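Student: Each residue of the sequence shown is one higher than the one before, counting from 402 in our numbering.
To be clear, the hints were calculated from the coordinates, so they are not data collected in a lab.
Keep in mind the model is a prediction, meaning the values are calculated, not measured.
Be a bit skeptical, because a hint or two may be false.
[What the hints assert, rightly or not] Result set (DSSO-like, lysine-lysine): computed pairs, CA atoms no more than 30 Å apart in a straight line: (1) LYS407 / LYS592; (2) LYS625 / LYS592; (3) LYS499 / LYS636; (4) LYS568 / LYS407; (5) LYS482 / LYS470; (6) LYS567 / LYS592; (7) LYS568 / LYS470; (8) LYS636 / LYS568; (9) LYS621 / LYS592; (10) LYS592 / LYS482; (11) LYS567 / LYS607; (12) LYS482 / LYS458; (13) LYS625 / LYS607; (14) LYS407 / LYS499; (15) LYS592 / LYS568; (16) LYS567 / LYS458; (17) LYS607 / LYS470; (18) LYS568 / LYS607; (19) LYS458 / LYS499; (20) LYS513 / LYS567; (21) LYS482 / LYS407; (22) LYS636 / LYS621; (23) LYS407 / LYS607; (24) LYS592 / LYS525; (25) LYS499 / LYS568; (26) LYS513 / LYS499; (27) LYS484 / LYS607; (28) LYS592 / LYS484; (29) LYS607 / LYS592; (30) LYS636 / LYS567; (31) LYS525 / LYS482; (32) LYS567 / LYS484; (33) LYS568 / LYS625.
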Amino acid sequence: MSDNIKYSIVVAVYNRPEEMEELLYSIENQSFRNFELIIVDDGSQMSSRQVFENFNKELNISYFYIENKGPALARNFGVSKAKGEWIIFFDSDCTIPKNYFHEVEFFLENNKIDFFGGPDMMDKNFTYLQKSINFSMTSFFTTGGIRGSKKSLDKFLPRSFNMGIKKTAFNEVNGFSDIRQYGEDLDLSYKLIFNGNLSDLIPNAKVYHKRRTNLVNFLKQMFKSGKGRRFLDVKYEGVFRIFHLLPSLFFIGIIIGLILLLFDNILADSIQTLYGTYFLIIFFSSSYLNRNPLIGFISVITTFTQFIGYGIGYLVALFHN
402 MSDNIKYSIV
412 VAVYNRPEEM
422 EELLYSIENQ
432 SFRNFELIIV
442 DDGSQMSSRQ
452 VFENFNKELN
462 ISYFYIENKG
472 PALARNFGVS
482 KAKGEWIIFF
492 DSDCTIPKNY
502 FHEVEFFLEN
512 NKIDFFGGPD
522 MMDKNFTYLQ
532 KSINFSMTSF
542 FTTGGIRGSK
552 KSLDKFLPRS
562 FNMGIKKTAF
572 NEVNGFSDIR
582 QYGEDLDLSY
592 KLIFNGNLSD
602 LIPNAKVYHK
612 RRTNLVNFLK
622 QMFKSGKGRR
632 FLDVKYEGVF
642 RIFHLLPSLF
652 FIGIIIGLIL
662 LLFDNILADS
672 IQTLYGTYFL
682 IIFFSSSYLN
692 RNPLIGFISV
702 ITTFTQFIGY
712 GIGYLVALFH
722 N
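Start from the sequences and build out the full structure, keeping to the hints where you can.
Tutor: Right, dumping it as structure tokens:
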């Protein structure tokens, strides 16, 4: 293989060999092939080595097993082995459309940027829960579109499930910080921006992000994300936005509404109407988007779970600090 590699794909994996196989199939089908693939097995008990060996003849793959260090340091290790000009990060639970790198190439030829991200989209084969979580994580009515929509309440910040960075820019900020909580990818984006690097969203550089989870794990993930958001708001001056408080206010409003129900007053009725209207918007929006009212109903549950978990996590970190 030539050392003149344009892209180095770095994937940190932990106990997900079956997902790695799906990801590797999608990378194998890429129409653009000037890349290498670096898999970092982060101390898995269920090794991905056999999966890697099945694709070794078709792809330029390097496989490394390290003691469990967490995704941030595993990705840093992968970058230290990379030969490409650009580093591309994917999560192991993603699959990549075959034109991904053509879209990236076209965008980079016409735009001078130092790092980028792309949206995550829904595959028709996702479960109802996966489709509902996808809606809750990406809809303008839930996250404000900050995870990859053209309609956004804030500046787009690339996430590590679909993220590209010039290797020189990555090394200048010493890569991911080992903060051992959700938010290490946003932390990296802020470090890059504060170091003078330019970022952008590549709208057509999409990935399918399966998010294999259940409601309990989703709640835990959102709790950690809320704590991570507060950590970043404190660490970086000027990044706090008032809407970061919305999930916490959502949770507080639920508590106040439940208390006021004991007194049967007009304010309690107003709070019920406000929340009821919002959840109806979620239901009809998701039902229309997914052409399925059952997914619309589940989206109400996942949105409630998302806001409660994130809101409590942010409040815990707020008072802990």
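Student: Can you list which hints this structure breaks, lowest number first?
Tutor: 3, 24, 31
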